[in-house]
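Protein chains: 2
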Amino acid sequence: MLEELKKISDEITKIIREDSFCYNIEPFCLKDAVLSYPMCAGKRLRPAMLLWACGLLGGDVEKAKYAAAAVEIYHNWTLVHDDIIDNDDVRRGNPSAHMGLKNYALKNYSLSDEAATKYGVDFAILAGDLQHAWANYFLLKSVSLGVPSDVVISICSDMAFYASTGLVSGEALDIDFSYRNIEEIAVDEIERMIFLKTGVLLNFAISTGAKIALSTCSRDDERINRLMIFSTALGSAFQLKDDWLGIYGDVVKFGKPIGSDIISAKPTLLIKEALSSSNTEQNAVIKSYLGKPDLTENDLKIIRKIITETGAEQSIKDKIARYKLKAESIMESFPDSVYKDNFLDLNRYLECREV
Amino acid sequence: MLEELKKISDEITKIIREDSFCYNIEPFCLKDAVLSYPMCAGKRLRPAMLLWACGLLGGDVEKAKYAAAAVEIYHNWTLVHDDIIDNDDVRRGNPSAHMGLKNYALKNYSLSDEAATKYGVDFAILAGDLQHAWANYFLLKSVSLGVPSDVVISICSDMAFYASTGLVSGEALDIDFSYRNIEEIAVDEIERMIFLKTGVLLNFAISTGAKIALSTCSRDDERINRLMIFSTALGSAFQLKDDWLGIYGDVVKFGKPIGSDIISAKPTLLIKEALSSSNTEQNAVIKSYLGKPDLTENDLKIIRKIITETGAEQSIKDKIARYKLKAESIMESFPDSVYKDNFLDLNRYLECREV
Chain A
7 MLEELKKISD
17 EITKIIREDS
27 FCYNIEPFCL
37 KDAVLSYPMC
47 AGKRLRPAML
57 LWACGLLGGD
67 VEKAKYAAAA
77 VEIYHNWTLV
87 HDDIIDNDDV
97 RRGNPSAHMG
107 LKNYALKNYS
117 LSDEAATKYG
127 VDFAILAGDL
137 QHAWANYFLL
147 KSVSLGVPSD
157 VVISICSDMA
167 FYASTGLVSG
177 EALDIDFSYR
187 NIEEIAVDEI
197 ERMIFLKTGV
207 LLNFAISTGA
217 KIALSTCSRD
227 DERINRLMIF
237 STALGSAFQL
247 KDDWLGIYGD
257 VVKFGKPIGS
267 DIISAKPTLL
277 IKEALSSSNT
287 EQNAVIKSYL
297 GKPDLTENDL
307 KIIRKIITET
317 GAEQSIKDKI
327 ARYKLKAESI
337 MESFPDSVYK
347 DNFLDLNRYL
357 ECREV
Chain B
7 MLEELKKISD
17 EITKIIREDS
27 FCYNIEPFCL
37 KDAVLSYPMC
47 AGKRLRPAML
57 LWACGLLGGD
67 VEKAKYAAAA
77 VEIYHNWTLV
87 HDDIIDNDDV
97 RRGNPSAHMG
107 LKNYALKNYS
117 LSDEAATKYG
127 VDFAILAGDL
137 QHAWANYFLL
147 KSVSLGVPSD
157 VVISICSDMA
167 FYASTGLVSG
177 EALDIDFSYR
187 NIEEIAVDEI
197 ERMIFLKTGV
207 LLNFAISTGA
217 KIALSTCSRD
227 DERINRLMIF
237 STALGSAFQL
247 KDDWLGIYGD
257 VVKFGKPIGS
267 DIISAKPTLL
277 IKEALSSSNT
287 EQNAVIKSYL
297 GKPDLTENDL
307 KIIRKIITET
317 GAEQSIKDKI
327 ARYKLKAESI
337 MESFPDSVYK
347 DNFLDLNRYL
357 ECREV
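Residue numbers (the working numbering), protein chains in the order written: chain A, 7 to 361; chain B, 7 to 361.
Treat each hint with caution, since some may be false.
Since the list gives no way to pick one copy over another, a pair counts as held whenever it fits inside one copy or between any two copies.
[Unchecked claim] EDC-like cross-link-like pairs, simulated, lysine to aspartate or glutamate; straight-line CA separation at most 16 angstroms: (1) 332 / 357; (2) 124 / 180; (3) 298 / 194; (4) 278 / 194; (5) 272 / 195; (6) 272 / 315; (7) 124 / 94; (8) 293 / 190.
It should be emphasised that the hints constitute simulated quantities derived from the structure, not laboratory data. Values in this document were obtained by computation on a predicted structure and should not be read as measured data.
Take these sequences, add in the hints, and give me the full structure.
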């Protein structure tokens with residue numbers, strides 16, 4: 007399955023590189039920023055799920071290729087804007103879009119650090135806007151691969167109405183939570199935010215592949231429903247595992263700083279669970295670390311120990327296992343195929359991954 | 007014609023208010039921000055031009071209504087993001103989107119001014135993103151008014167490929183110019199930037215109305231070409247008049263601060279022309295005011311006098327008159343109709359307007 011992902015990733019890179027959308031973008035640094043995330047491949051999970059959903063329902067995956075590129079570029083604009091909002095300076099081992107553009111401004115104009123930061127943010131807003139348009143453009147090009155016009159229109163409409171309102175609301179709720187007291191935020195509010203922020207785009211990807219396979223304008227189909235329940239469960243397991251890795255992970259393998267959710271007092275389900283299952287003493291210790299700007303290796307050991315003692319770690323692991331089982335049993339209900347095998351492998355992989 | 011504009015504006019407001027796109031947006035302050043510019047009507051020039059182009063070519067303007075709402079909302083997302091980039095705190099007499107959201111954060115969370123500013127910018131980025139998606143959604147809904155699917159797809163594709171790459175490149179060049187020495191920027195660079203920033207969206211609006219009228223997927227039509235030359239001339243006259251009003255206008259009527267182009271040392275064609283037509287002494291005086299943070303009424307008098315003496319004011323007025331004549335003669339080539347009269351009135355109005 008990882009090999010298959012790699013193959014898809016290479017193909018998506020090729021499709022993106024060969025597309026003419028960026029030709030007319032000026033100035034050069036903006037064009038460069040628009041291409042940067044899409045060309046620097048991440049896991050390409052979303053295009054893969056789109057293509058596999060198409061294949062699983064007997065569709066011609068060749069027809070779904072532009073839609074797969076579209077969902078990847080769509081994901082990328084949300085990352086560019088999120089990185090600005092979250093002040094994230096690194097993405098996939100490189101400077102994030104706004105940091106890359108800031109560095110460009112420092113190199114090419116004699117600007118103060120503050121002015122260069124503003125230049126970087128301004129251009130990164132515009133780069134994300136262009137990727138947003140590019141995602142639409144790619145989806146529309148599906149007509150040239152033989153997807154009927156009305157199906158393309160229904161998918162574009164899903165992207166605008168379902169994916170955008172969901173995903174952007176999820177990001178907005180996430181920001182809003184960071185200004186609220188973690189104990190006042192209910193678990194179901196967090197679950198809903200996570201679904202909007204990650205689940206919605208997976209559902210969009212999978213339903214798009216399915217619509218192309220079935221040549222239908224409606225998601226009101228029993229198979230599409232089953233696939234969306236599958237991707238929701240997969241997405242929830244993925245996110246919970248991410249929360250777990252963010253505290254218990256290996257910094258070298260995970261590639262992101264461990265403990266950053268504690269430092270930013272982020273209301274993850276793991277931290278919420280730990281707070282609500284803790285006794286008075288444990289509760290006080292956890293809270294004393296939430297928002298602490300620099301976390302030592304020793305601090306992290308103490309936090310890990312306490313979260314485990316509250317039972318929260320096991321509870322999250324149990325939840326992940328339940329989501330995985332749910333996803334598996336739904337996928338088993340589809341006829342055997344290489345696409346089904348890929349989905350089942352992906353589901354197993356997401357639970358045991360260390361990255 | 008102004009009455010007709012008002013009627014269209016009311017209708018667009020009604021269409022926007024009744025649309026369901028915003029129902030699911032959370033939290034409430036984000037939904038509010040998404041609706042804010044579209045509901046607070048500006049001139050609604052772009053939707054009017056779209057509808058009149060449709061009528062002019064014999065189309066059913068009812069079919070073009072969602073597209074007209076789409077072009078207005080599209081214009082709005084670019085304003086929301088531009089206002090962040092340009093640090094503009096006021097829009098149509100109200101706080102701009104990021105300022106409104108900052109005020110909301112100050113009222114509802116106990117934040118420092120800096121943190122509230124960040125909150126305002128972050129949410130305004132997301133509000134613009136949602137309006138961008140909304141514009142797509144409205145355009146796609148044109149199918150329900152009887153516009154053929156393939157025509158809708160071609161218009162959506164124009165919006166992504168032609169309007170977005172053009173308009174966003176124009177905004178990026180405008181930012182880039184502000185970091186360069188005004189004397190190193192060529193006149194044709196400025197003209198190109200202005201065309202991208204304002205002309206492209208007028209061309210998109212007018213060609214969309216025309217495509218709906220002719221039920222065609224291609225802009226490669228002699229009438230559409232003529233209409234686009236018309237809107238390019240109209241847009242150039244509009245922009246030059248804006249530059250002129252920005253220095254010679256009446257602050258009360260114009261509604262924007264006079265002299266702000268001097269304060270921000272913005273390379274408008276009027277200022278460029280004045281610099282290149284000036285003698286050494288005049289040149290030194292103009293430059294001494296460029297970038298001056300506070301401009302008195304007396305400073306403005308001196309600047310006006312010098313710009314007039316260099317001949318730049320007359321030169322810009324002559325250019326406006328030539329663009330107006332060009333637009334008029336093209337419009338005269340179309341058969342008589344109420345839509346033609348509206349376009350001719352608009353063209354006359356744009357030259358003599360004081361607001």
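Quick rundown of the hints versus the structure:
1. 332 / 357: Close inside one copy (13 angstroms), not across copies (67 angstroms); limit 16 angstroms.
2. 124 / 180: Only across copies: residue 124 and residue 180 sit 14 angstroms apart there, 23 angstroms inside one copy, limit 16 angstroms.
3. 298 / 194: Close neither inside one copy (26 angstroms) nor across copies (54 angstroms); limit 16 angstroms.
4. 278 / 194: within (11 angstroms within a copy, 59 angstroms between copies)
5. 272 / 195: The answer is within: 13 angstroms in one copy meets 16 angstroms, while 47 angstroms across copies does not.
6. 272 / 315: neither (20 angstroms within a copy, 62 angstroms between copies)
7. 124 / 94: both (15 angstroms within a copy, 14 angstroms between copies)
8. 293 / 190: Classified as within; 14 angstroms inside a copy, 57 angstroms across copies.
Of the numbered hints given earlier, the model fails hints 3, 6; all others are met.
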